[in-house]
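Asks: Residue numbers (the numbering used here): 579 to 915.
I should point out that these hints are in silico values taken from the structure, not numbers from a laboratory. Just so you know, not all the hints are guaranteed correct.
As the list claims (entries may be wrong) - Computed list of lysine to any residue pairs in SDA-like fashion (alpha-carbon distance at most 20 Å, straight line):
hint, residue 1, residue 2
1, Lys638, Asp866
2, Lys817, Ala834
3, Lys638, Leu666
Said to hold, decoys possible - Simulated restraints on C-beta separations:
hint, residue 1, residue 2, range
4, Met634, Asp881, 18 to 26 Å
5, Glu765, Pro728, 36 to 44 Å
6, Glu910, Gln726, 27 to 35 Å
7, Arg592, Arg691, 15 to 23 Å
8, Glu717, Gly913, 21 to 29 Å
Note that the structure is predicted; figures quoted are calculated from it, not measured. From the three backbone atoms N, C-alpha and C, an ideal C-beta is built for every residue, glycine too.
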Amino acid sequence: MTHRYGISLGVSPREPLSRTSELARMVDDGGFEVLWYIDFQLGMKDVYAAMNLAAMSTKKVLIGTGVTNLVTRHPTVTANAMAALDELSGGRAVLGLGAGWSAVLGAGATPSRVGELRTGIDGFRRLFAGEACEIDGTEVRLATATRQIPVYLAASQPAMLRLAGEICDGVVLMGAADPEFCAWQLEFIHEGLAKAGRPRERLTIDLFVTMSVRDDEASAVDDIRAWATSQAATFHPWKRMPPAWERFRPDFARAADAYHLVDHLSLQARHKAIVSDDFARSVALAGDLDTCVEGLQKLWQLDIDRITFALLSGGRMQRLAHLSDTVIGAVEAAGAG
């Protein structure tokens, strides 16, 4: 592959954990660079069970939380679990961290603020270094630490994007598959890099994209509606966004009212028909092969390092095979032409 690609997925409650190894091997054999697993304790099977199975079934692909948080698991628990994953994978672990949304709200808690995440990331750096550090007023040290596991921050809004640019190894760029929206986000990452005096190459920018490739456009749009609705619900409290997206405020409000945590990203979600087709097409790529290839080409013109496909449920092995065998090849061939 000329470009760098990743896969993001969760283990559905309806899916045997035993299939995790097979799917992970397909990702590894397909040449993908990273495999991210969703951490959502109410709607997905356990993220660490899945990652450990993947680690023992693969040889090259990086494996990480896509993403975890500071709330539902204590940082010392997360650090120790990541150290174990790193050992099982032979040094391929990556820690994806975010403020928390579905997992945190599902536990009746509040997502972390920017300052809390800054402190939390510093704590992980010290824990992975095997240094003594203070967490919640207690001095701790991670006995299992062996190396600095890379820390990625899931970010979509300005303050979080700046923080990722300032202090992280990577950023999981969330929100949309719309080039204008992403370009707006990238400006804040660059501000963070500039503030910290960091060169651009110190940060890996991984853009998460949801995509459905189908000959029938209406069917493709319907395929990504659950994802689009979950995204719309997260946009509802935003005070600032690109001017062109202000027209979607009614979609955000409807999604926030109707969203059901337990149905998060499920194709059977009761809330999935809430958002407009216009918004769904803006937040994800949906259509025939040519349409999706053109959309990916436009995204590759941005200052990003990797595109990670959020693999939708329902025939995921077939979706993954189509990505590996058809879609990515078409993107690379179009770029070479």
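Asks: Hint by hint, note whether the structure agrees.
Replies: Now for the hints, and whether the structure bears them out:
1. Lys638 to Asp866: 31 Å, violated
2. Lys817 to Ala834: 15 Å, holds
3. Lys638 to Leu666: 12 Å, holds
4. Met634 to Asp881: 18 to 26 Å: Distance hint for methionine 634, aspartate 881 is violated at roughly 35 Å.
5. Glu765 to Pro728: 36 to 44 Å: Taking Cβ atoms as reference, glutamate 765 and proline 728 lie about 24 Å apart, which means the hint is violated.
6. Glu910 to Gln726: 27 to 35 Å: 33 Å, holds
7. Arg592 to Arg691: 15 to 23 Å: 35 Å, violated
8. Glu717 to Gly913: 21 to 29 Å: 52 Å, violated
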